[in-house]
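Q: Take a look at the letters that make up each chain.
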Amino acid sequence: MTELSVRALAEMVGGRLIGDGERMIRGLGDLRTAGPEAVGFVRDPRYHEAARGTKVGALLTDHELATDAAQILVADVDVAYAKVASHFHPMPRAIAHRVHPTAVIDPEATIEAPVQIGPHAVIGRSRIGAGCVIMASVTIGDDVELGRDCVLFPQVTIYDRVRAGDRFYAHGSCVIGSDGFGYAPERGSWHKVPQLGGVVIGDDVELGAGTVIDRGAMNDTVIGSGCKIDNLCHIAHNAQIGENTVMAAGCMVAGSAKVGKNNLWGGRSACAGHITIADGVRLGGGTNALRSIREPGEYMGYPPVEKKRFVRIQKAIVDLPEMRAEWVESHEETNGEA
Amino acid sequence: MTELSVRALAEMVGGRLIGDGERMIRGLGDLRTAGPEAVGFVRDPRYHEAARGTKVGALLTDHELATDAAQILVADVDVAYAKVASHFHPMPRAIAHRVHPTAVIDPEATIEAPVQIGPHAVIGRSRIGAGCVIMASVTIGDDVELGRDCVLFPQVTIYDRVRAGDRFYAHGSCVIGSDGFGYAPERGSWHKVPQLGGVVIGDDVELGAGTVIDRGAMNDTVIGSGCKIDNLCHIAHNAQIGENTVMAAGCMVAGSAKVGKNNLWGGRSACAGHITIADGVRLGGGTNALRSIREPGEYMGYPPVEKKRFVRIQKAIVDLPEMRAEWVESHEETNGEA
Amino acid sequence: MTELSVRALAEMVGGRLIGDGERMIRGLGDLRTAGPEAVGFVRDPRYHEAARGTKVGALLTDHELATDAAQILVADVDVAYAKVASHFHPMPRAIAHRVHPTAVIDPEATIEAPVQIGPHAVIGRSRIGAGCVIMASVTIGDDVELGRDCVLFPQVTIYDRVRAGDRFYAHGSCVIGSDGFGYAPERGSWHKVPQLGGVVIGDDVELGAGTVIDRGAMNDTVIGSGCKIDNLCHIAHNAQIGENTVMAAGCMVAGSAKVGKNNLWGGRSACAGHITIADGVRLGGGTNALRSIREPGEYMGYPPVEKKRFVRIQKAIVDLPEMRAEWVESHEETNGEA
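Chains as they are written, first to last, in our numbering: chain D, 92 to 429; chain Z, 92 to 429; chain W, 92 to 429.
In case anyone wonders, no lab produced these hints; they're calculated from the structure. No experiment lies behind these values; they were computed from the predicted model shown. Do not rely on the hints blindly, as some may be mistaken.
Identical copies go unnamed one by one, so any copy, or any two together, can satisfy a pair.
[Unchecked claim] In silico DSSO-like cross-links for lysine-lysine, where the CA-CA straight-line distance does not exceed 27 Å: (1) K352 x K399; (2) K349 x K399; (3) K398 x K352; (4) K146 x K399; (5) K352 x K146; (6) K349 x K146; (7) K406 x K146.
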């Protein structure tokens, strides 16, 4: 049962309760249309008027409002909303043990109960923790270890020798543990270098759809606990991503790069191989780092510069044609004078 | 039977017939090698000589040619070719009802007849329109609605609560409805924000292989009718793409961005979140829009500028080292004088 | 049996043997920890000290070392390592014929023995060479030809009319033969142009996870023998990639582009449609080529310039704000004087 009292919700989010804590709440609701069994939220002064006339049972807010609804005052409405919404709309989690008859599971696999395994899933000689939900057409190789309460969405592929912690979420068509890109050239052609490492993924990692994490060449590729990596990202062999680092869609980390903790990368950012990005670095979307970044801070562009400078560079680029025209002209004058 | 008379072909493309309209045509053919049951086309004066001696039964052309073939004169050979080629090589469409015995279909699914459902497909409590072709290993969640004559190529994943119109084509390994990328930070770690919206896709939309469309956070992500989105594109949560917009491979639209109708984006273009791109905007390949573009027109670069200026910027960038060297030198002189 | 004498290993890599050639080697090992049945390697002077005390049976090295291990002296340790590692850790290859009972294979398919076909694989009216390993949930259409000893990792999709040579390796969720991106515009909407060509892939080609190769519009898309294309790359319709060309992750080749032999593209490089890139071109990561590159060499940037100039451009870009500020100021002065 997911129904909760307003008081219990306030406790869940660490908020201060104003008004009736005994009302029972059954879900989220729009403060303009929902009724007394819903909890709404107000993040924006534009909704203060709507809050005044709302019929919802409770409101999450960071300002005390004039309203008949119970109020749960919190410092950060976004965090409170995330927690409350996750209570009413949790990630899938296996409660009952259900394995679809079309799934193909190696007899030597170790499947803790309860798990849910969908149609046409394939699981090798691997270990799957309790609570995991393995959706349709997922394929998992041998010597894989998944912690508890993981969710693999349809068509995810996990190669051999990948290890992930608890609450690992991988969206549709992710590929984890594919061969790193390693070849040795000899007289114009290429010898494949076998990729003998694995992938190690911490707890609470989420990977977006179509994202690929390659296995290491000799050692492992490592994704730290708490990392969130969006769609269509690429993490090359032997890369190491520190804890709680977040990368938006299309980011690419080249081989053996070491990205620190608590990075925040905008979409389509990238870094070169074998470099180091410090902890606490923020990269604006589209940033391309060819060299190590040693200091935390906010960078953007190609080359990455501090964001304020980036904005000025963008402005200057637009004027480049005129700047160059005069520069060319000045040379012609000089030449003319010569 | 796909055989058609030349006259019927001329009517299909709205062309003017010259010559024998009663000949029967059975397919496309190269005007240099094919015989009288083929229709060829001439888009380029280089082929006028070949047209003179051709044995094909009919030619699509925008100029009257000296040839024994029947001629179908049209204003736009490309459009006429697309129509004629689509007649002889149509997209797959279910005529007979055929469900592969290995497909796993929820007993509460509503499958109109006829449809084709391939091996290992998985369909939840959803509605599939007549004429649809669901290929091998496609997985469809619950509360999905597909219109008529859709084609889902192998390994496509559709999450719950996605709605698509008629003639929706999604190529291999597309993912539609994956969770948007939303987290709320608290003391260095991240709380997942449940993604409660869906995806709404109009009629006549085609998605390339590996493309991902995320579901909305609260409202829906919307792809307008007639949109064509190439391979490995990413459309983030709550984005809205206007009708008949075309994006080449690798384009990325960040969260809550609103892209207008009849846009034409070159490959690897992108726009930032929460901005607006007007109707009728063309972006050259690799364009990166961080701010709204309010006027239709042709833009390119980073920042996006009008295409002519972009070309001049590219030229200027090449000269930057010398421009900078003189600039540095002039400062050294100044310093020396001081 | 993969066990080999040191002498046989030396012969395999064309190296000069120093010491006992009769020792039997059973695998790779770290020279600091492994025992006499392992072969180690030394690429870096930092390991010379470790080599002195090593217990491994043999060392691959390009310098004669002070060590009790047998030594195999080679000109290129990387190549020798690739060969030795591939001996002990070869790519999967079917030795025994094993078709999983859940695989769905067209009765008219031609499957040479031995092959391995995994669970839930789907194979149309196609030809699969001996030695191939088709992993779980791979789908192959009709009129596909695969040579010998190919490996298709899970979830790979091959559309109809794709032809690949021997030792074709395609990683998870690759899509080969999807429709090229072709539409003809008429009054604001788009007519699909049927994509009637195929894909032709040579011998010894490897494709990374999530990579997409589109089929040609009329003729074929062609990937030359020996090409290695990393994760999440896109090769558009009718592109031609010359032999032994290597592209790191995220590269994109637009339609009808012709890329030469022995190219080496850094990650996220791209080229425009209908252009030609010469043989022997190296592109630094993130390079964007809008025009043909006629001369072999090393290019980088957007526009691509020789690498040395690229480094100077990057440096100049950082100074642009000040350069522009003075330029603006000089104009204001001029205006003030006027």
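Q: Now look at each hint and say whether the structure bears it out.
A: Hints, one by one, checked against the model:
no.: 1; hint: K352 x K399; verdict: within (23 Å within a copy, 33 Å between copies)
no.: 2; hint: K349 x K399; verdict: both (25 Å within a copy, 26 Å between copies)
no.: 3; hint: K398 x K352; verdict: within (20 Å within a copy, 32 Å between copies)
no.: 4; hint: K146 x K399; verdict: neither (45 Å within a copy, 56 Å between copies)
no.: 5; hint: K352 x K146; verdict: neither (43 Å within a copy, 38 Å between copies)
no.: 6; hint: K349 x K146; verdict: neither (51 Å within a copy, 32 Å between copies)
no.: 7; hint: K406 x K146; verdict: neither (49 Å within a copy, 60 Å between copies)
Going through the hint list in order, the structure does not satisfy hints 4, 5, 6, 7.
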